[in-house]
Amino acid sequence: MSIRQAMLAILEQGPMYGYQLRAEFEQRTGETWPLNIGQVYTTLTRLERDGMVEVVESAAEDGSDRTHVSYRATESGRSEVSEWFATPVPRTQPPRDELAIKLAIAVTLPGVDVATIIQRQRSATMTSLQDYTRLKRTGRAANPEAPEDLAWSLVLDSLVFDAEAEVRWLDHCEARLRRAAADRPAASAHATPTATPETSDGVAR
Amino acid sequence: MNAVLHLAAASRVHGEGATEVHALRGVTFRAHPGELVAVMGPSGSGKSTLLTLAGGLDAPTAGSVWIEGTDLATLDHAGRARMRRTSVGYVFQDFNLIPALTAAENVALPRELDGEKGKVARRLALTALEEVGIPDLADRFPDEMSGGQQQRVAIARAIVGERRLILADEPTGALDTDTGEEILRLLRARCDAGAAGVMVTHEARHAAWADRVVFLRDGVVVDETGADEPEALLVEESGR
Amino acid sequence: MSGWRPALRIAWRDALRHRGRSILVLVMISLPVLAVSATAIVIKTAEVSGLEGVDRTLGAADARVRTEGRGEILQAPDPGSGTWTQVGDVDADDPITEDDLRAVLGDDARLVPITSTWSRARVGERVVFLTTTGVDLADPLAAPLFALDSGHLPRTAGEAVVNQATLDRGLAMGDEVNVGGEQLTIVGVGRDATLRDEPLLLASADDLPSEAANVREWLVGAGPVTWSQVRELNGIGGVVTSRAVLADPPELPQALEDAAASDSGRNQAIAVIGLIVVMALIEVVLLAGPAFAVGARRHSRTLALIAASGGTPAQARRVILGSGVVLGLVASFVGLLLGGVLGWAVLPLAQRFDERWFGPFELPWPYLAAIVAFGLASAFLASVVPAYLASRQDVVAVLAGRRGDRSPRASTPVIGLVMLVLGIVASVYGALTSDSGDGGVWIAASAVISVLGMVLVVPVVVAAIARLSSRLPLTARYAARDAARHRTRTVPAVAAVAATVAGVVALGIANASDELENVRTYQAQAPMGSGYVSWAPEVLTGEELPDATAAWARIEEAVHRAAPDVRTTTWRGLDEPYDPHGYTSTMLESRGDRAAQEALDECCLRTLGAAIAVADSAAELGVQGPAADAIDAALSSGRAVVFTVSADLDGDVAVTQETWSADGDLAESRTSDAVPAAFIAWDGQDWGWAPSSSILPTVVADELGLDVTTTSLRLSGDLDEATETRIAEQVEGAAAGTYTYVERGYERAPYAFIVLLVLAVLAGVLMLGGTLTATFLALSDARPDLATLSAVGAAPRTRRRVAAAYALVIGFVGALLGAGVGFIPGVAISRPLTSVPITGAPEQGPFLDIPWLLIGVIVLALPLLTAAIVGLTARSRLPLVARLD
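Protein chains in written order, with our numbering: chain A, 1 to 205; chain B, 1 to 240; chain C, 1 to 885.
Read the hints as simulated data drawn from the structure, not as lab findings. Remember, it's a predicted structure, so these values are computed and weren't measured experimentally. Errors might be hidden in some of the hints.
[Unchecked claim] Sample of chain B residues at the chain C side, in silico, Cβ under 8 Å: (1) 77; (2) 90; (3) 113; (4) 117; (5) 119.
C-beta atoms are modelled at their ideal positions from N, C-alpha and C, and glycine is treated no differently.
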């Protein structure tokens, strides 16, 4: 959804055609979210259907009779962009997080070494974090000159904080799992001697 | 390249009998020149113990600790103290500056304790203060400085006189984000200049400044990121 | 949180938790309490009040009546310490009789006569001084006065009992002793109820009559003697000590109180005691203060939180004061208990130094309560300043974790300087007015004011030292600056050291000035290196004089035997021999005008020999120099020589002789002869003492029929100490009552050196105590810094060096300040001490001598020594950085 509004916002600057739009988008977002050209045209069509953009035909510059189709933001498109900027991004629906799903399943399955999963994931995330940080202190983001450099730096920071949040969540999961494991022998000591081998149902989440 | 710091299967046990605490169990750990290593772990994992063993402030109950090729066990208290004066620099979370001494005097402390004359020590101190970017605070007392400035002084003290090993215990713990990042920048720069750095931290974002991150759990190393050989580190312009 | 109970509870728990600090404070407060209460107990026990000593004076009697003649008496219920006076005239010829007593006390009153005098008795060659009591010891009323150990009580006349001290003087059981003309045989030995160590002799009242006919004394057995009976007896002239009155004394009218009170020197005594108490209080407060300051610091975070939550400063103060109260109470009572035990244990030792028997064991509760109050007050005061500072602390700084004290108010050192100036003024005033008697009070006050003013100035000095310390090596720089940062802990320690040093310096100056006075006013009794032997036999009434000529011959022979190389010269003169029937006195009076008489009287009040010498030349008397020719001229022409102050005159003098009988007031006979004389000026300043006041030529003495004897034997030659001792022994063996003397100039009494040594040692101990306390507290405060030093690579020895540096800073600053302040009372007090005019002295006071060596030792050497001791005893391991995961 944000791609739609982002493209509208870029089109506000002036009419562009598809490839141009894609290039602009990627450049401004540091090529973090690469776009498929087909994705671009589909979005543009939808935008045109919704009346946010309008087509502008112009003759090709090279003299052939091919016409280049450019897109330009309409009045309602411009107001949509304003509203998009004015409205904070809601967090109502969490995006499908593969890691969270993986861990949720792992904890409920017997015989799965959750601690190792956590540690491996943490190492990997930490490595990414190291890479982001290295980028931050060298290259464009270290000494931003143009506004695009600053934008790239902010995007990089969002990656850093996201990764950090993930590491912290992993630390937290690990701690809770250890606590639960410590409580379980006490619980089973109170239980009757005919206790069944450990089931994961009783684990407090 | 030889490791500046080498813990060989080092263990540390506190207390005895029922109250025994295994702070560190057979940990092998190396830090090479030019490398910044982060040590992460929850409380009780042994990360502070690792640092105190590395600095010679404590002795392992098993295994050995080598700094620049010297086994610390062969040194007496005086020898270990000399090591701390000349080879090892310590940065604490609470800065640990002596309030009765000015910034320059605090930085000059290791040199003066080593017998350096006042003027020479002061010159070295001023150089170190310049490196950390606060030469104008040389004659101020710690009470008259902000947290970030105090930590810079502490770092200056740890690097004065070209030390090869810097040990930092939660160096950004008491600072806000931006100030903390500046401190890390300083440490990073130092390591890039050839020192070996070992940093204990629980902030992943700060640990990410290191070349290698070591995870400690219950006194044991459970994982490591990054390579052992610093030549393998590649810096890329565009990250993907 | 209101009220004292929570504060006291916190204080109690805190005291238990920090044992080391609590014990430190306890020791510092309980030691003075212990010492003073033990002293008070010993002194009070030694004192025998009227009631305590009633059995000693009365035996088993109900009263004891003494009279010296008929005439009204005014007395206190307990006339024992001289608290009675005669009102009006006394008729000595009409003393009270036993009938007079019976008229008041009843016809069936039993009266036992008792006498008490002093006597001398001859024991072989020596004469022993005896206290004698004449009473019938067999009478039940008198029996408790003497406890028999061996032998038996006197049964008949001519028998006497003595105490061990008498036997120690050379007598034995069965010996006969001549006392006052009576021959008494010693038949028993025992212990007197009152006197322990003086020679005593007891016999019947008939054998030992009282010294005068009008002095009479009785033991009375007539039932309880009431106060009204006492007053009746007072009316006729009897001083009564009544058991019943002592047990239940009546209210005294004011007139009697005034008569009873003796006021001499009261102001001075109070001033001295007040000074000692105040100085001791200041010392204890300053020594204990740092401990409370550290306690306050430990509580500072709690107190800051209380303040931040809305607590009042008063509530914050109570927590610290509570600690003062708790520790003060415990320390005072512990000190009191231990003091009581110590006092009781020390009594036998103390008794040996007193010749009177001690009274019953006494716990003087009023004094002990005052001492406990002192202990409490000192603990409370020691905690007041830290409490006050804690309640005013910078809450923000404390919660932010910043260490160190607030900077001092600018006004405090100004007040301190003002007080110092006041102290100087008061001391000068006191010194200048010391002759009128109250000067001592002013000087004492000046000492206290100066010390207090100095205490207020200390913070500024400490801060100044810190600022100047940039050039010092690391440990000294750190110690100086850290000391300045923690003023609450440092200032009391420096002030304690300074107060001690001030006291020692003041005493040292006083002592040195006194010594200088002794040196400068010393008057030689003979030319340096020479000596003399004199002879004065002890003769009792009724005894014959020994043969002087034979005695002197034996003496001279003994001298030559003992020291053949020593030359002897005989000085002759007119002696005043003691005759069984009286004695004769000879003197020279001027016949000329008043000026001559005055010139005669003023000169030569002290002479080397007898007042009137007999010689024929100046050389005989060892006189050389300017006066010798004039003396020779006068003597050879048959004129007497009279020494005067200034004038050289000629004139006549009268040689007057008066004879007195043994016990008369007026001269029995008087003769006067005129003799031509030459008055010669004698310069005492340059020539020393004159050999005599006047000289008569032998012819004149013979003409007047005067008794010329040898007055002394002058010695000259090699007279070292061994020779002197030999001569003295030989000569004493030759004739009893000799005195040998060799002039060696002024010799310092050995105890003077001991006094200085004790002063220096005391100063050292107190200085060590103060610096140890402060350093111990400073090191525990500095643990974080020491841990940092260790982490940064300081050698393990550094802790020692830091400790020594602290001690040096405190000791040196304190000693310097204290020495300066000590001059104020020291110089002032030297003036009254040394301005008493001494007749005949070559120089007169006041004298001032400053013992620079002592001051140098105290200011330089003692702090260094203290620092060395502290450095050696400090633990040498630095604390490790202990981070608990």
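Status of the hints after comparison with the structure:
1. With its C-beta approaching chain C no nearer than about 5 Å, residue 77(B) sits inside the 8 Å limit, and its interface hint holds.
2. With 8 Å as the threshold, the beta carbon of residue 90(B) comes within range of chain C, its nearest partner Cβ sitting at about 5 Å, so the hint holds.
3. For residue 113(B), the shortest C-beta to C-beta distance to chain C is roughly 5 Å, which falls under 8 Å, so the interface hint holds.
4. Interface hint status for residue 117(B): violated, as the beta-carbon distance to the closest one in chain C is roughly 10 Å, over 8 Å.
5. Hint status for residue 119(B) relative to chain C: violated, with the closest Cβ pair at about 11 Å, above 8 Å.
Comparing the model with each earlier hint shows violations of hints 4, 5; every other hint is respected.
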